[in-house]
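Colleague: Sequence:
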Amino acid sequence: MQPEDIVRSGPNQYICKEGILKELDSLLSPFQTPTIITGYKSFQAFSQYVDSIPTHWKIIQHGGYSSQQAVDQIIPSCTATDVIIGIGGGIILDTAKAVADTLNIEVILIPTVAGTCAASTPLSVIYSPEGAFERVAYHHRSSYLTLVDPAFLIHAPIDYLKSGIGDTLTKWYEAEAIIRNANDERSHSLFVQAALSQSIFIRDILLKESIEAVQNSASGLVTPSFTKTVEAVITLAGTVGGFGGRYGRMSGSHAIHNGLSFIEETHTILHGQKVAYGILVQLALENRIDEIEALLPFYQQLGFPTNLADLNIVDNQTDALQKIATHAVNPKESLQLMGSYGADEVIAAMNVLESLTSIKQI
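Just so you know, we're using the numbering used here here: the sequence shown kicks off at 29 and counts up by one.
Hints are computed from structural coordinates only; laboratory data are not their basis.
Here are the in silico distance ranges between beta carbons for each label pair:
| id | residue 1 | residue 2 | range |
| --- | --- | --- | --- |
| 1 | Ile-103 | Lys-69 | 19 to 27 Å |
| 2 | Phe-229 | Asn-209 | 20 to 28 Å |
| 3 | Pro-252 | Gln-41 | 22 to 30 Å |
| 4 | Ser-383 | Gln-350 | 17 to 25 Å |
| 5 | Ile-239 | Thr-354 | 32 to 40 Å |
Backbone N, C-alpha and C define an ideal beta-carbon position, used for all residues, glycine too.
Given only the sequences and the hints, what does the whole structure look like? Please build it.
Modeller: Below, the structure is given as structure tokens:
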């Protein structure tokens, strides 16, 4: 059985509570030699929020992508540790998970932004050192503990929250397309259907609560809308793939995202923003124009990209379209889970989107 077909319900332990990060030391009592893997800005924010960090905890700061090279470089510094603590955004958490999996030890995950579901998934997205998508690595364990502290996350950059909303909104669109196009009995199993139901629940939370949550973040006020949105992004989103396996993971919009990762101009665009654009391309590919039009006002309120110019792709658009589409239709890419498409069809879908959004902006 493939790893993506195994039901994985989420973190072994999960706590969402204001101020919980200040209790981290007591939560680590079962361990003797923790190592923190973190970023630079993320660790600065974390260390300013908590009262203190035990001096015997090793701290490794990483500034690149979650690449195999980065994992290999970090591992020699962790051979004496008994638990990895990942503190950061998706790239850092994916790096921490990959290190812990290689060492066969537990991992504790602390998201510093509500940007992805990386804190709740037993996998890492592996990129090249330059930021191009390479593969998804499935791990043997879920996190020992995932901590979500709304009082800490309320001060994170708003752009990451918006990115998380985009990355999470796609759970419904991708899972629904995979399951609708599946031709096997397993797609009707209880857990696959639970994943689909969960994706609908998540979609509805985001469409109802996320705009207010972004406003709350701007004002620094923790509200039920903010906490619901954060938990939908960080934790509930992971259960879609966890319950559904390959039926609840990536398909069209992530294939477009992965193609965009090969376009240098998009490297400054956050993951979830590119995924949000991918949702629209996926819908255009299936000629679901009414759904695109229904989403556009929501996209405009959150500043999601709806065309190539929004993704910083202004020059050489023809070459960019070809590069994106060629990667998206690669037989190993997730687009094939929702049907058989050629590069020309993907390019046509992106051009439909260009025409449609240009009309809407006039």
